[in-house]
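K.L.:
If you read the protein sequences in the order shown, they are chains A and B.
Read in the numbering used here, the first sequence has 6 at position 6, and its numbers run on one by one without any break.
Read in the numbering used here, the second sequence has 124 at position 124, and its numbers run on one by one without any break.
It should be emphasised that the hints constitute simulated quantities derived from the structure, not laboratory data.
Hints should not be assumed to be uniformly reliable.
When chains are identical, the list treats them as one kind, so a pair holds in a single copy or across two.
[What the hints assert, rightly or not] Calculated cross-link-like contacts (lysine to aspartate or glutamate; reagent style DMTMM-like; alpha-carbon spacing at most 20 Å):
id: 1; residue 1: Lys149; residue 2: Asp32
id: 2; residue 1: Lys46; residue 2: Asp145
id: 3; residue 1: Lys82; residue 2: Glu11
id: 4; residue 1: Lys28; residue 2: Glu70
id: 5; residue 1: Lys99; residue 2: Asp32
id: 6; residue 1: Lys2; residue 2: Glu70
id: 7; residue 1: Lys28; residue 2: Glu150
id: 8; residue 1: Lys25; residue 2: Glu11
id: 9; residue 1: Lys82; residue 2: Glu114
id: 10; residue 1: Lys2; residue 2: Glu152
id: 11; residue 1: Lys25; residue 2: Glu51
id: 12; residue 1: Lys82; residue 2: Glu62
id: 13; residue 1: Lys99; residue 2: Asp145
id: 14; residue 1: Lys46; residue 2: Glu121
id: 15; residue 1: Lys143; residue 2: Asp110
id: 16; residue 1: Lys46; residue 2: Asp32
id: 17; residue 1: Lys143; residue 2: Glu67
id: 18; residue 1: Lys25; residue 2: Glu67
id: 19; residue 1: Lys25; residue 2: Glu111
Remember, predicted model here, so these are calculated numbers, not experimental data.
Number of protein chains: 2
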Amino acid sequence: MKALILLGCPETPAQTPMAVYVFNKLTKMGYDTTIAANPAASKLVKISDPEGLYNLNLIDLERTLGEINEGDYDLLVGFVHKDAAASFFVTFDQILNTKSIALVFSRDADEVAEFVNMIEESGSKALISAVRAFHNPSPIKVKFDKAIKEFE
Amino acid sequence: MKALILLGCPETPAQTPMAVYVFNKLTKMGYDTTIAANPAASKLVKISDPEGLYNLNLIDLERTLGEINEGDYDLLVGFVHKDAAASFFVTFDQILNTKSIALVFSRDADEVAEFVNMIEESGSKALISAVRAFHNPSPIKVKFDKAIKEFE
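Next up, chain A with everything else stripped away, as it sits in the complex:
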């Protein structure tokens, strides 16, 4: 089983810690897990595991988009906290056409609603886990833990 985690832009302080958390959780569930991120988001993840103890497997987001096909992954988990991240999620979700979870969060409730709409209007069958949060990662963690249980 293979899982792909999509990171958005690195502006939000909760993303990097949650990326390690989600990677570790999926790995423990038996998924061969990969994180796709832009260069800045990748750097943050790498620095947060300076000894490489979590064996984080990072790949370039843009390059991955040009190469993936349906069937390459069995599970998609996307961090959606910007328009661009919502667009990336929808695109990967359509290509992979597999189980998927969108972790939608923003400090702004209207943005949360907007990103949820973008995903729903794409016709995605993703499990959308949406919460108002910015620098406190706990609500996002709780939502993710609940969402991933659906796939256990």
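Chain A is fixed; fit chain B onto it per the hints.
P.N.:
Frame of chain A, contents of chain B only:
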């Protein structure tokens, strides 16, 4: 030898990854290292090491401030990217009266200058390592690596 790392508010995405990086670096240098942070900043650090592989030693910032005395730590490293963080750094620096490094960063060059001034005007003898940075941690990492060499 004991080292204390001070975290500021959790708004900046580079802080949590750099906190783990600095903790790991100081620990490898032989320091018994502690991170003092407010509850939200602490949560971010904890989630970024979900298996506790780095043995991060976190304590409450406010409580620590009420309890520390000169001689409790041999090295102070502070993340300074807000007014409040600069004030905390200056206060801890004055109490501990030991070797110290201020990692000053902001996406705004004027803020960087302002925080540097706040520290200098306090009469601090801290090594001030200042850089314009926000979500790319590399400039902060490079500055820290250079600063810590002075204490090796």
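K.L.:
Any of the earlier hints contradicted here, and which numbers?
P.N.:
Numbers 4, 8, 14, 17, 18, 19 - these are the hints that the structure violates, sorted from lowest upward.
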